[in-house]
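Asks: Residue numbers (my numbering), protein chains in the order written: chain Y, 141 to 589; chain Z, 141 to 589.
In short, the hints are calculated from the structure, not lab data. Any given hint might turn out to be false.
Said to hold, decoys possible - Which stretches of chain Z does chain Y cover? Using the computed rule of at least three CB atoms under 8 angstroms from a CB of chain Y, they are:
#, stretch
1, 209 to 221
2, 277 to 291
As the list claims (entries may be wrong) - Straight-line alpha carbon distances no greater than 16 angstroms define the calculated EDC-like cross-link-like pairs of lysine to aspartate or glutamate that follow:
#, chain 1, residue 1, chain 2, residue 2
3, Y, Lys316, Z, Glu168
4, Y, Lys386, Y, Asp360
5, Z, Lys316, Y, Glu168
6, Y, Lys481, Y, Asp466
7, Y, Lys316, Z, Asp166
8, Z, Lys426, Z, Asp499
9, Y, Lys191, Y, Glu560
10, Y, Lys399, Y, Glu363
11, Z, Lys481, Z, Glu469
12, Z, Lys316, Y, Asp166
13, Z, Lys326, Z, Asp310
As the list claims (entries may be wrong) - Away from chain Y, derived, C-beta distances all over 12 angstroms, residues of chain Z:
#, residue
14, Ala387
15, Glu391
16, Lys399
17, Glu421
18, Asp451
19, Ile498
We put the CB at the ideal spot given by N, CA and C, even for glycine.
One-letter residues, chain by chain:
2 protein chains.
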Amino acid sequence: MSRRTLKLGAVLLGVGGPGQHNTWLDPEIPANASVDVNWYIARAKEAEAAKFDLVFIVDSQFITRNSPNHYLSRLEPLTLLSAIAVHTGNIGLVGTLTTSYNEPFNVARRLYSLDHISGGRAGWNVVTSGDAGTAGNYSRDEHFDYPTRYGRALEHVQVVRGLWDSYEADAFPRDKESGVFLDPEKQHALNHRGEYFSVVGPLNLERSPQGQPVIFQAGDSEEGRDLGASVGEVIFTHAANLAQAKAFRAELRERAAAKGRDPEGLLTLPGIQLVIADTDEEARSKEDARLGTKSFDRALKELGRPFGWHDFTRYDLDAPFPEIGDAGERSFRTQANSIKKLARDNGFTLRQVVQHLIDAARSPFVGSPETVADTIQHWFSEGGFDGINVTVNAPSEFALFTDRVLPILRERGVVRSEYESDTLRGNLGLPVPANRHTDARHPAPALAP
Amino acid sequence: MSRRTLKLGAVLLGVGGPGQHNTWLDPEIPANASVDVNWYIARAKEAEAAKFDLVFIVDSQFITRNSPNHYLSRLEPLTLLSAIAVHTGNIGLVGTLTTSYNEPFNVARRLYSLDHISGGRAGWNVVTSGDAGTAGNYSRDEHFDYPTRYGRALEHVQVVRGLWDSYEADAFPRDKESGVFLDPEKQHALNHRGEYFSVVGPLNLERSPQGQPVIFQAGDSEEGRDLGASVGEVIFTHAANLAQAKAFRAELRERAAAKGRDPEGLLTLPGIQLVIADTDEEARSKEDARLGTKSFDRALKELGRPFGWHDFTRYDLDAPFPEIGDAGERSFRTQANSIKKLARDNGFTLRQVVQHLIDAARSPFVGSPETVADTIQHWFSEGGFDGINVTVNAPSEFALFTDRVLPILRERGVVRSEYESDTLRGNLGLPVPANRHTDARHPAPALAP
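Kindly produce the complete structure, drawing on both the sequences and the hints.
Replies: This is the structure:
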């Protein structure tokens, strides 16, 4: 094995796995954890003590009564991360901000402010808003269609990155003796005029410790993969099995290479569900019990989300999966289409589709600490992922991973024992993008032949 | 005197007064203070130790090379305040966010998140963007005209306040035994459709400790005063002399009363320049020295700002004040007009206008600790203000106020000795607005006849 090590992300109060919609029922988790800054700070400190690369905060800007409980009421990610920043020292801070309903100038400032405040630990999870209802919270009658959502997203990231290059690293001499504060030659307007945005610049914030905060991206659609390959440096995804994980990672790397990028600058980190116990058998029973807490009725309701919160409760459960036209066309289209395909290919009834989705929530990462460490190491060495995103809900469950699985992986050299850098970019081993202006004026010397 | 006490605000790294554009040259101030979170946290802690009601962060979203030096590069206010929130416990946290280039849903979430994180200490300084060039950073060809800026601002605040009432205080039972997380009867959509915004809601964040964070406002124009009287709870202003200060406060209170508001719910806090030394004479010499550091050339350049950064250096200094048409019509119109009027009424040359503005920067609050305490007490008891906003640049200067002036004012009962509440609203003695939905369902009982 090379010296490449497994990257570790901690999703704070995440969803997506078995039973996670009811995390608040866990006796260990304060029922109001999603609005309790101290809960988040404590979890981030635990992740930092275990030398995790980053904590990650998900987001959405629209709720329905079907939304997962703690999504109904939660703190805005960047505001939260700034509070976490000043109570931690090494761990990366990755926040979700949508490109659909934010101005690039504001996004650039806020992430750059977080990068300054944290000493170079900011990451931006670039998303487009999937829930069609979001438009109603932003003075729009209609949600952006798919091509617009992704077209805006790509241009948005390009504008933000351009604004981040507004100043060269030494643009502010701030020489008290000579009275020179700014070197105006090293301040650069952007003068961007594109299809979706026109931004003159410059940003009103000097170059940050990372220069360019790290770009995270998730999104499984064709458009999402293209965006990830274009601008993503870390890709969040999910992985049902090793073959799928390998194929996804390989595809993203190929797409990035086809765009002229070094694929080593693109890390794939699926979110994985860990179920750890003393023995494999106990771990399997634990997962069974957990899946049991996810009721069929709840799953039936949640099936509606990718289809724009379509109401499936009104159909006969034992009739063939209903024909629902283009519901979902402006929401989570890829997920909706794959559910339709599943039903069509298998001739499933509505009940069978729901049961299939419940069963599919089973995790490949279930077992004793040894078994889980083996599985992670195997997937990693086979090229299934560059790192993993672990959900932090109950602290005792997270401790099973940090105290019992991580030591095995460290022993084997899969995971590093100490932070290697002061910045998130440095710890992830990602290249440092040069400032386009500095580069233009001082081109890199040609390599010897 | 009633039990009403003087409110205290601390402007962190403010501008506006004599010599403040060169604060970074002060040997006590780190040259990069405007991007140093630790500098801000330390100042906020000092203000909290002195029992200040609030710290205040100004903002703008556009810079030119004429911008004050530390405006060229500074942290975004809300991101900064969240970091300060978790290192302080009592002091209010007031951030500037423009209504011109932010979505109400995002503003409501961010301020409410700060209110949760700080345990009820958030305040919003509502502004419209005055610099016409700001439009260029937000994909607009033209800056909003005056009526649009203020029309948007009023409706923006109304939408934000409506979103803050999305949940009644007991909307989230989060009862682990019964499994009830939300009481949907206590969740309310907004369904706002106005001239500038359409916002469905509800907000995805439950009622915060203050319920309604405190609304701050500044703006001297007719439209600005009207906005302050409509929605402001604390008005930031400036005051050249007692008569002007009294007139401004009286006018705002009358306007508020005319709108059916209790004028006691509207506090006026001018920003004041303190120049304190052991004796009155030393203090006057100190101000002279400070004014001397503001060069004529610098003042000539800055004269351009209210006129949309009009370049005054191209005119003959000793000719009559130039005729510049409607420059400034979309910028700081009131300020521009008052300068034009000053020139016209006095027949001033350009040089005389600039010199007049330099001289007008002299402060009424110059003297020994006794003198300054006397002046503040006099203005306060005469109805010149409800509190003051003190600029915090050099810590030793701020300490002259906290250690030498405040004890005198405390001794006299003008300033309280301890925080009286856990919230900013509580410390300012402002009424707690009821949730419109709770109120509607449970009308207050009629008073006994």
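Asks: Hints first: check each against the structure and report whether it holds.
Replies: How the hints compare with the structure:
1. 209 to 221: Contact hint for the stretch 209 to 221 of chain Z vs chain Y: holds, 10 residues under 8 angstroms.
2. 277 to 291: holds (count 5)
3. Y:Lys316 <-> Z:Glu168: holds, 11 angstroms
4. Y:Lys386 <-> Y:Asp360: holds, 14 angstroms
5. Z:Lys316 <-> Y:Glu168: Measuring from Cα to Cα gives roughly 11 angstroms; hence the hint holds.
6. Y:Lys481 <-> Y:Asp466: holds, 13 angstroms
7. Y:Lys316 <-> Z:Asp166: With a Cα-Cα distance of about 8 angstroms, the restraint between Lys316 (chain Y) and Asp166 (chain Z) holds, given a limit of 16 angstroms.
8. Z:Lys426 <-> Z:Asp499: Judged against 16 angstroms, a Cα distance of about 15 angstroms means the pair holds.
9. Y:Lys191 <-> Y:Glu560: holds, 10 angstroms
10. Y:Lys399 <-> Y:Glu363: holds, 14 angstroms
11. Z:Lys481 <-> Z:Glu469: holds, 15 angstroms
12. Z:Lys316 <-> Y:Asp166: holds, 8 angstroms
13. Z:Lys326 <-> Z:Asp310: holds, 7 angstroms
14. Ala387: holds, 35 angstroms
15. Glu391: holds, 34 angstroms
16. Lys399: Lys399 (chain Z) is indeed farther than 12 angstroms from all Cβ atoms of chain Y, at 26 angstroms.
17. Glu421: holds, 29 angstroms
18. Asp451: holds, 16 angstroms
19. Ile498: holds, 19 angstroms
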